[in-house]
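Asker: What follows is each chain in one-letter form.
Protein chains: 2
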Amino acid sequence: MKIGIIGTGIVGNTLGTKLVQLGHEVKMGSRTANNEKAAAWVATAGKGASQGTFADAAKFGELNFNCTGGMVSLEALKAAGAENLKGKILIDVSNTLDFSKGMPPTLAIVNDNSIGEEIQKHFPETKVVKSLNTLNSNLMTNPNAVGGGDHDIFMNGNDAEAKQKVKELLKSFGWKEEHIIDMGDITTARGTEQLLPIWIRLMGLFKTPMFQFKIVR
Amino acid sequence: MKIGIIGTGIVGNTLGTKLVQLGHEVKMGSRTANNEKAAAWVATAGKGASQGTFADAAKFGELNFNCTGGMVSLEALKAAGAENLKGKILIDVSNTLDFSKGMPPTLAIVNDNSIGEEIQKHFPETKVVKSLNTLNSNLMTNPNAVGGGDHDIFMNGNDAEAKQKVKELLKSFGWKEEHIIDMGDITTARGTEQLLPIWIRLMGLFKTPMFQFKIVR
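Those sequence lines, one after another, are chains A and B. Numbered continuously in the numbering used here, the first sequence closes out at residue 361. Numbered continuously in the numbering used here, the second sequence closes out at residue 361.
Put simply, identical chains are the same to the list, so a pair is met inside one copy or across any two.
Derived lysine-lysine pairs resembling DSS-like cross-links, with alpha carbons at most 30 angstroms apart:
no.: 1; residue 1: K358; residue 2: K311
no.: 2; residue 1: K351; residue 2: K309
no.: 3; residue 1: K320; residue 2: K351
no.: 4; residue 1: K351; residue 2: K265
no.: 5; residue 1: K315; residue 2: K146
no.: 6; residue 1: K309; residue 2: K358
no.: 7; residue 1: K315; residue 2: K203
no.: 8; residue 1: K320; residue 2: K358
Worth flagging that the hints you see were computed from the coordinates, not collected in a lab.
Bound-form chain A, shown alone (with noise of 0.2 angstroms):
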């Protein structure tokens, strides 16, 4: 599949490697077109990737991630085009983590509403599908990582077949289908993106970002 990935940070570079390594061909997308840490990323994930503007890159993925930090993402998303992402879906990673007011982060979209919302609300003609926001970049493709695997990752989104498409990628990244939760239209998004206050506090306390949630029935 064509794959496009607006942001170049750690969580875009991460997902793009994986996704190249999975067969996919992925264009990270930055402001601008010759981005030095899409260049970078380019010469070293290999065959299959590429790199453009945030609307290059849109244009390019039949289905997109955002993986621009929340306080960016709509800019970010409006320069990628509402008519690039129209039709199709987008995976939003993202979470609007306020450092602004020192550490640790608030958050800037929370309690009666969510980025995830906003994306959806921007972008109505986009199928917003709400996952991998609360852990480490290096656990959402490797999930096995921590305790073989046997954890949870969660998805919040209005389109049941868009969902069902993200399992199947998230199921390609080594998520077994028990451990996906599909919490219900995108709304239930606050309830994810709401995990981070903890998860921030446990990385502080644990020393390390190498853990997840895991619900207990």
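With chain A's structure known, arrange chain B on it following the hints.
Answerer: Just chain B now, with coordinates in the frame of chain A:
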């Protein structure tokens, strides 16, 4: 030990009954001395159970539980009296679930504050330990009821000695030492209180409140 329970709801009932079963003397406090719900609890909980006002319960307890809803906790604890709570551990089980804006509820205190912190600020001479606010009351006192007890319970508080005593109490409820996570000072209650938004949505999804979080490392 003599224990005061502030609040007559299902959480206070379940905790109070377990504490009586464990051999503690427990006084359940309510707004009025002769509250019917407290009387019904005293009648069923057995020897060691008694009732009174919020102030009676707090004065009686060498350790107290705040089992009121987070929206009214400060008011209830003021009625209990700072002088009656002074120098003692207060285990805060509350959440500021605000149902006034429809379902699912939002949190009235969230993101850059928590009800745990607010209680500590209002009662600086009380040792506030937040715990047990992230799960159903039946699981609080019987963790083995799901997954053989293989899930975690969180604690937040400023006083290490107080947290050690709360840990012993949790162990007497059936929590294994390795599943009791001391998150740090009371500000870390922001993390555990923000588990409620996902908890509520998971309860809707699973159609049961019998589940709890585990941090898989």
